[in-house]
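Asks: Sequence:
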Amino acid sequence: MTQFASPVLHSLLDTDAYKLHMQQAVFHHYYDVQVAAEFRCRGDDLLGIYADAIREQVDAMQHLRLQEDEFQWLSGLPFFKPDYLNWLREFRYNPAQVCVTNDNGKLNIRLTGPWREVIMWEVPLLAVISELVHHYRSPNAGVDQALDALESKLVDFTALTANLDMSRFHLMDFGTPPPFLS
1 MTQFASPVLH SLLDTDAYKL HMQQAVFHHY YDVQVAAEFR CRGDDLLGIY
51 ADAIREQVDA MQHLRLQEDE FQWLSGLPFF KPDYLNWLRE FRYNPAQVCV
101 TNDNGKLNIR LTGPWREVIM WEVPLLAVIS ELVHHYRSPN AGVDQALDAL
151 ESKLVDFTAL TANLDMSRFH LMDFGTPPPF LS
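Residue numbers are given in the numbering used here: position 28 of the sequence shown equals residue 28, and the series is strictly consecutive.
Calculated from the structure, these hints are not laboratory results. Glycine residues also receive a C-beta, built at the ideal position from the N, C-alpha and C atoms. Don't take each hint at face value.
Here are the simulated distance ranges between beta carbons [unchecked claim]: (1) D44 x T101: 11 to 21 Å; (2) H63 x D148: 33 to 43 Å; (3) F157 x T101: 36 to 46 Å; (4) Y18 x V155: 26 to 36 Å.
From just these sequences and the hints, can you work out the full model?
Replies: Structural data, given as structure tokens:
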């Protein structure tokens with residue numbers, strides 16, 4: 001890796017659980033369907049400058065595989081079927097399915113291939129983009145800075161909710177944690 005010190009992702013399970021459920025449905029009902037998907041940045045950020053670094057991360061993802069302990073853990077869950085898990089055990093990201101380009105500063109990412117495979121790219125690609133952008137824009141940021149920001153937000157939250165009944169408030173996190181903050 002020349003642009004970034006190491007791979008951002010370290011596990012095939014660095015994704016949303018929802019993606020695995022949807023992938024299983026696609027595996028069983030739309031196995032041969034071919035799809036195309038595109039990344040579009042809704043803001044005015046010129047993320048195209050990160051295209052080469054993103055491409056390196058995409059290439060590194062081909063080495064990710066479901067580890068034996070991950071397979072055993074998923075096998076113990078009641079909602080994953082053995083045929084899907086056996087297929088997932090052999091699954092590898094295919095970087096040829098991903099086209100990453102810098103179009104006058106705009107980041108373009110296009111995915112093509114079997115839906116059962118392409119569906120797995122979304123969450124990890126967003127994590128890679130987020131990680132690289134934050135790494136290059138805030139190279140000195142680390143865990144201490146993230147914890148300070150979190151503590152400040154919690155102080156603000158506590159002040160804003162001081163006069164509210166929070167006894168029924170529950171927090172649930174969905175998704176994969178951004179690696180930059182991990």
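Asks: Against this structure, judge whether each hint is valid.
Replies: Status of the hints after comparison with the structure:
1. For D44 paired with T101, a C-beta distance near 18 Å keeps the hint of 11 to 21 Å intact.
2. Between H63 and D148 the beta carbons are some 35 Å apart, a value that agrees with the proposed interval 33 to 43 Å.
3. For F157 and T101, the hinted distance range of 36 to 46 Å is satisfied, since their beta carbons lie about 41 Å from each other.
4. Taken as a hint, the range 26 to 36 Å holds for the pair Y18 and V155, whose Cβ atoms sit roughly 32 Å apart.
Consistency note: the structure conflicts with none of the earlier hints.
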